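Fit chain B to the known structure of chain A by using the hints.
As a plain string of letters, each chain reads:
There are 2 protein chains.
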Amino acid sequence: MNIHILGTGNVARTLAVRLKELGHRVELETRNPEDTLSRTFGDGTVMSDWLKTNDVSLSSFGTTTSEADLLINASNGKGTLEMLHRVGAEALKGKVLLDLSNPLDFSNGMPPTLFVCNDDSLGEQIQREFPDLQVVKSLNTLTAPLMLTPHKLKGDHVVFLSGNHAEAKAKVRAMEESAGWKTENIIDLGDITTARGTEQWLALWVRLYGSSGSALFNLNLVK
Amino acid sequence: MNIHILGTGNVARTLAVRLKELGHRVELETRNPEDTLSRTFGDGTVMSDWLKTNDVSLSSFGTTTSEADLLINASNGKGTLEMLHRVGAEALKGKVLLDLSNPLDFSNGMPPTLFVCNDDSLGEQIQREFPDLQVVKSLNTLTAPLMLTPHKLKGDHVVFLSGNHAEAKAKVRAMEESAGWKTENIIDLGDITTARGTEQWLALWVRLYGSSGSALFNLNLVK
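Note that the protein sequences, when read in sequence, are chains A and B. Heads up, the first sequence is in the numbering used here, so the first residue is 135 and it goes up one at a time. Heads up, the second sequence is in the numbering used here, so the first residue is 135 and it goes up one at a time.
Hints listed in this document are in silico derivations from the structure and should not be mistaken for laboratory results. Nothing here was measured: the structure is a model prediction, and the numbers come from that model. Where hints are given, some of them may not hold.
No distinction is drawn between identical chains; accordingly, a pair holds when it is met within one copy or between any pair of copies.
With a cut-off of at most 25 Å between alpha-carbon atoms, the simulated DMTMM-like pairs for lysine to aspartate or glutamate come out as follows [to be verified]:
id, residue 1, residue 2
1, K288, E318
2, K227, E263
3, K357, E155
4, K212, D254
Only chain A is shown next, with the shape it has when bound in the complex (with noise of 0.2 Å):
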């Protein structure tokens, strides 16, 4: 697939490489590709140097989102509204959004809280926004580097999928399912309006976190 994440951090730089050696195309969507090129990472890596060697593209916000078969929602929840309104109604018209972000709000100190939960989602948010766009909310319940690695943790564990559009969902799926997701662990819980229960799991997760120290876990269902 043509697989276009918006947003350029960890988190998209970390799936890029993922999807890359699952054999997809990927770029990268930014607000402003030349100062992006020059940024530099905590280890000394330059952007520019990175995208050659991990043959990822890199390119302005809607310009060539037309040609992407998904699109992955890789920013910080609280400015993906923002973003998304950069990328553009039109651009995003007919496309499939993987939403794999969470509403965190880290204004009052750690853990983070939600800005929206309860009675919403940001999941919900984005849908209504864009309502041309299929939103699917999925892996947001576990850390980057496992996102697409199901295999890092021993034994079966579970993502879920949320979402209005059976087609979007399936084709999330069927991503999830070549990076080594077992179709019976990935758990279609529904609308988007179920992406309440997965943002609020992050309230469950920092505290997991906060215990143990460790992000590299992920629930498992037991019946």
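Same frame as chain A, now just chain B:
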């Protein structure tokens, strides 16, 4: 132990039977014992017969609470604070309360939402309201028939402890272990603020219940 369960509904009675099996003395506290004695359940059983059959005592809130080694909040979350006021701060002084309720709001249809979440929790509300009561949030994350019978599910699965008092948590842990929970499957998340995580788990729990049609599940943590 001499365990007093606050409440007389399904959850209270399910736990009472199991706690009797485990060898404890069990007493239910209620608002009006006379009214409670004549209540009938869905299957036609009368409460007075049920108490006799199961060798469970019944008393009025707060009258014999001082004798209890452990208190269990098995009331509906919405009624919890009012109920505890009927028991009374004096009777609750120095006691350990296992709080397994959830702050569920059913007033806007199904699935229920939470009437407190994100930056507060029912566990914390109880602790603030009754500073001399040692609140331990635990077992609110799974359905009553599973709370003290972990072997009913196949394989490992986990429960949590949240509370400000180490000895109180140790008491609840010991009781859970006596019911079959492996100590490594009882995860201490930390202080009572961590109850935000386990109460918000309900947002995902209700979606899993909705998509599967069964409450007989729990989560395990995979590393």
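Do the hints match the structure? See the list:
no. : hint        : in the structure
1   : K288 x E318 : both (16 Å within a copy, 17 Å between copies)
2   : K227 x E263 : within (12 Å within a copy, 52 Å between copies)
3   : K357 x E155 : between (34 Å within a copy, 23 Å between copies)
4   : K212 x D254 : both (15 Å within a copy, 21 Å between copies)
Going through the hint list in order, the structure satisfies each hint without exception.
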